[in-house]
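S.K.: Dock chain V with the ligand against chain X, hints included.
In case you want the letters, here they are:
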Amino acid sequence: MIPFSYSKPQSLSQAVASHAGHGSDRGSWAADYFAGGTDMMQLMHDRVRNPERIIDITALPGLDRIQVDEQSMHLGALVRMSDAACHPHVVKNYRVVAEALLASASPQVRNLATLGGNLLQRTRCGYFRDAVLPCNKRLPGSGCPAVGGQNAGLAILGTSEHCIATYAGDFANALLVVDAKLHIAGAAGTRTIPVSDLHRRPGQTPHLETQLHPGELIVAIEFPATTGGWRSHYLKVRERTSFAFALASVAVALDLAADGTVQDARIAVGGVATTPWRLPLVEQALRGRKLDAELCRKAASLAATGAVPQTQNAFKVPLLQRVVARGLEETGGLA
Amino acid sequence: MIEAHGTIGSSVPRVDGRDKVTGRAKYAAEFAPEGLAYAALIESTIAAGAIRRIETASAKRAPGVLLVLTHENAPKLPYLPAKERPAVEPVAGEALRVLQDARILFNGQPIGVVVARTQSQAEYAASLVRVEYDVDTNPLTRFDPANAKPASAAAEKKGRGPESRQGDADGAFAAAAHRVDQTYVQPREHHSAMEPHATVAQWQGDKLTLWDKTQWVYNDADEIARVFGIPSESVHVINPYIGGAFGSALRTWPHVTLAALAARQSGRAVRLELSRRQLFYSIGFRPRAEQRVQLGADADGHLQALIQEAVAQTSTYEEFADATLDVPASTYASANRRTKYSLLPMNTNTPTPMRGPGHATGLIAQEIAMDELAVELGLDPIELRLRNFAERNPRKDLPWSSNGLRACYRAGAERFGWDKRSPQPRSMRSGRHLVGMGMATAMNPAPRYPSSASATLFADGTAVVRSATSDMGPGTYTAMTQIAADALGMPLAKVRFELGDSRMPIAKEHGGSTTTASIGPAVRAACAALLEKLHTVRTQFQLPQAETNDVVLRHAGLEILEAQGKAESAEEQKQYSTYSFGAVFAEVHVDPDFGTVRVARIVGAYDAGRIINPRLAHSQCIGGMVQGIGMALLEETAWDERFGRVVNANIAEYLIPVSADVIDLDAVFVPGEDTVLSSLGSKGLAELGLCGVAPALVNAVWHATKVRVRHLPVTPDKLLLAT
Ligand SMILES: Cc1cc2nc3c(=O)[nH]c(=O)nc-3n(C[C@H](O)[C@H](O)[C@H](O)COP(=O)(O)OP(=O)(O)OC[C@H]3O[C@@H](n4cnc5c(N)ncnc54)[C@H](O)[C@@H]3O)c2cc1C
Chain X
1 MIPFSYSKPQ SLSQAVASHA GHGSDRGSWA ADYFAGGTDM MQLMHDRVRN PERIIDITAL
61 PGLDRIQVDE QSMHLGALVR MSDAACHPHV VKNYRVVAEA LLASASPQVR NLATLGGNLL
121 QRTRCGYFRD AVLPCNKRLP GSGCPAVGGQ NAGLAILGTS EHCIATYAGD FANALLVVDA
181 KLHIAGAAGT RTIPVSDLHR RPGQTPHLET QLHPGELIVA IEFPATTGGW RSHYLKVRER
241 TSFAFALASV AVALDLAADG TVQDARIAVG GVATTPWRLP LVEQALRGRK LDAELCRKAA
301 SLAATGAVPQ TQNAFKVPLL QRVVARGLEE TGGLA
Chain V
1 MIEAHGTIGS SVPRVDGRDK VTGRAKYAAE FAPEGLAYAA LIESTIAAGA IRRIETASAK
61 RAPGVLLVLT HENAPKLPYL PAKERPAVEP VAGEALRVLQ DARILFNGQP IGVVVARTQS
121 QAEYAASLVR VEYDVDTNPL TRFDPANAKP ASAAAEKKGR GPESRQGDAD GAFAAAAHRV
181 DQTYVQPREH HSAMEPHATV AQWQGDKLTL WDKTQWVYND ADEIARVFGI PSESVHVINP
241 YIGGAFGSAL RTWPHVTLAA LAARQSGRAV RLELSRRQLF YSIGFRPRAE QRVQLGADAD
301 GHLQALIQEA VAQTSTYEEF ADATLDVPAS TYASANRRTK YSLLPMNTNT PTPMRGPGHA
361 TGLIAQEIAM DELAVELGLD PIELRLRNFA ERNPRKDLPW SSNGLRACYR AGAERFGWDK
421 RSPQPRSMRS GRHLVGMGMA TAMNPAPRYP SSASATLFAD GTAVVRSATS DMGPGTYTAM
481 TQIAADALGM PLAKVRFELG DSRMPIAKEH GGSTTTASIG PAVRAACAAL LEKLHTVRTQ
541 FQLPQAETND VVLRHAGLEI LEAQGKAESA EEQKQYSTYS FGAVFAEVHV DPDFGTVRVA
601 RIVGAYDAGR IINPRLAHSQ CIGGMVQGIG MALLEETAWD ERFGRVVNAN IAEYLIPVSA
661 DVIDLDAVFV PGEDTVLSSL GSKGLAELGL CGVAPALVNA VWHATKVRVR HLPVTPDKLL
721 LAT
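Quick note, the sequences are listed as chains X and V, same order. Residue 1 is where the first sequence starts when you use the working numbering, and the numbers rise one by one after that. Residue 1 is where the second sequence starts when you use the working numbering, and the numbers rise one by one after that.
Isolated chain X (complex conformation):
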């Protein structure tokens, strides 16, 4: 671990101000916020992340709060994954979110890890996590050995020749299908963005992973109120039964009419793409049609459209299609 200075601000403005002056236009910021530390500490031990300054945000007031009213629900960025997963309002109205959280990591990790930190967890790509090896994400311009290397777990969607690292998280996929928004605070003030705007595709600049400006802090996640016909579900397929990242996962939210017609659909997938990933073609194929096994399969066959398989991960194409089909069936009560 590289020496760093440490501070524990007591207010949001202090936190943001401590960060200022430590920004840099490169992906690797010189200062880092510290929340649960479950990802960051590992990266620091492996010298993948080497912040000069750590700003511990765990004392910031109100960031660990869950607020529910008629219009919406707000989950503070410091809410622990385990607390969010078990909150009755989440369980009742945002099932996909609760399920995604419970399918993440292990109980011990979830007890420590925060929602904000979860959204910003870094990829599990083995080349990124071994500071000795080249990686465009860690060391821009050094190359991507995952292409042509050990890439069984890596992405087939949203990749570029510079980076094929998977976005490994589960929670963000669920947020996409409940249309959640992020409240962000920074030196320039506060702003709200849809979750779908948070992550960036690698393109030419895989080291730039999010739309956050240096020093910006996620304060809360806002969920619009759920209405009548919506039902949702998260399905995750992995090599071992628990404590593993997804080979492929799907977050489904369907607005179903009484006769089973899909009035609206939001589908996002994990484990297969470089960012949390919506499937507009699948959604479109579902809308206005009556949900049955046949439709689920047909729509799901579009899930891997545009996929670019690598040497070891071609299996993710059929897997993704089947996971989406099953996720739709289960959500619709067909399986």
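It should be emphasised that the hints constitute simulated quantities derived from the structure, not laboratory data. On a predicted model such as this, the values are computed, not experimentally measured, just so you know. There may be inaccurate statements among the hints.
[Stated by the list, open to error] Not the full set, but computed from the structure, chain X residues with beta-carbon under 8 angstroms of chain V:
{"#": "1", "residue": "130"}
{"#": "2", "residue": "239"}
{"#": "3", "residue": "322"}
Each residue gets a CB set at the ideal place from its N, CA and C atoms; glycine is no exception.
M.R.: Here is chain V with the ligand on its own, set in the frame of chain X:
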């Protein structure tokens, strides 16, 4: 021969259980002598070549740094030759000599060590060291069987030679009515024990104390004594507890030398603990093996030819040859057999025994091939095995010391409900899942080593029995306490067993499933000798038999009474072949859409002779099953041949089973005692528990899906792409 027993055979809970779960059990890294300083490794980042320049100035200036050692400033160490190569060393070659020259033999090689006041300071300073290399542009980092060499004469001496032949296997294979000819791959695997390897080293004058994670305290002391050119007695090794090892702590690895060297050069006690990532490079691993199996049978399923050829990886500096082909050549009767064993030197750290070393590997290939042959013949897999049961060890042409294999098939099949298995593959279902049932034979050598122990009686009526063995988890503490209490005729609570100290009576390695059968008899002998002494005292002081031990000692004015005991290897062993046996049955549920495999249950029936403690024995076996689930479905080192590095060198990505993968595991023991091996009647059990599990699971997956996976692990990609 076997008398009535007290606690032997009863399920006594672990005597060290409470200390372990309450944190009172002290592991190597937790010993903190006065003035302890902390070490961090500097490791190579290329696979082959030499260090051209190593820049340590900024590391030396970093806060808290006491010492930076590299090949440039490390003293040349004597590295005296061993009188006899210890059994845990590879068959040939020379262990890595740390900091003795500029050569790089593998990526991740320790090339320096930093000592500082805190761990973080040491790690930071290590990160400041800059190394320039002369890179060997043609490193041996690809597993290419074409470059393999026949196992050497040294391997031959250990019965792991390049070839063995009986009859005309190739001719018989060509002429056989039914044939299987397939290649099976078992990837490189890592022990992944909970406790990382760690050494605390402290010099007092020219005497060295090591608190070190080791399965063999005596050898640890000898090895380090040789490296430093000092008498073995000058090295005191202490290691009361091991948090799992599975073979990884049999050898004394280079980091132990580094810790001792760093302590000597810095004049401080030094702790060196390997990180999880370093455990993939600084200790050994189960080598990747590719095996071709050719089985030929007549129309009745009697084997006519049994051919097994293995290529396994080793390092460029040592020849690690294991017993991959020993068990396959011994399992079944066949007039014609041939084995071929080759090793592929690679720029990697040297492999090392990992639970069931070689045996589990050889069985994977053989037992999947046997399943394939059963399919080819249209025979039930158990029936095929029964028809080829070997009445004697066919390889050594010796009678078995005992062999309960047939009873294992019977007991296991009954317990499992094998009769419910429909013979057709892909014919059983549970909801949307495909259900499959598979089985395999398990077999593991059951040797016994000479060993020694002491037994001491105290005036308070308690006794302590000691032997310099280890307990990496199987329950040596408990089993030996039982054996001692039994032999002394004392209640369990009054007897304590101590181990893990090179000042205790000598014992060999805690490995190879030898401990109970080897140490047990020595403990008994020591206890018997103690009782004899006690008897002498009684007679001398004319004390009645009814007088309790403490009274006897007090009468005699003795504070303690001590006796030594020894057990030699059984001579009969040479006239017999001693193995433990088992039959493993597995049921899997496969999701046909996703290719995910759930292990619904495993039943194993075992012949391990007399069971000292059924609870511990059961725990050993189901532990082996858990590890077998990993081997079959999860474990695989992601090796990048361009860099010679492990890309999943952490346990978030190198997957081993979690509790949720383990549903219903069951082990039963067939009755029987092996009185040839020792008077105790026990045979080795530990490694047997892993043997046969992976092939049983692979065979069950075939039965569920009709997909034959021959390259472990059975991951969803392989099942998905096959259907
Ligand atoms: C073995 C293992 C298995 C796992 N499996 C899964 C899984 O299956 N699914 C899954 O989704 N996750 C999984 N995880 C990841 C885990 O969920 C994350 O490590 C965790 O959610 C991160 O939260 P944290 O609070 O600990 O973040 P930290 O480690 O503290 O922070 C992570 C990053 O986010 C930044 N950050 C934190 N909070 C904020 C904020 N409010 N505003 C701005 N920046 C912030 C930090 O600066 C840092 O860069 C696994 C982790 C491990 C170790």
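S.K.: Does each hint fit the structure? Answer for all of them.
M.R.: Now the hints, each set against the structure:
Because the smallest distance between the Cβ of residue 130 of chain X and any Cβ of chain V comes to about 7 angstroms, under 8 angstroms, the interface hint for this residue holds. Contact between residue 239 of chain X and chain V, as hinted, is supported at the beta carbon level, the nearest pair being about 6 angstroms apart and thus within 8 angstroms. The beta carbon of residue 322 of chain X comes within 4 angstroms of a beta carbon in chain V, closer than 8 angstroms, and the hint placing it at the interface holds.
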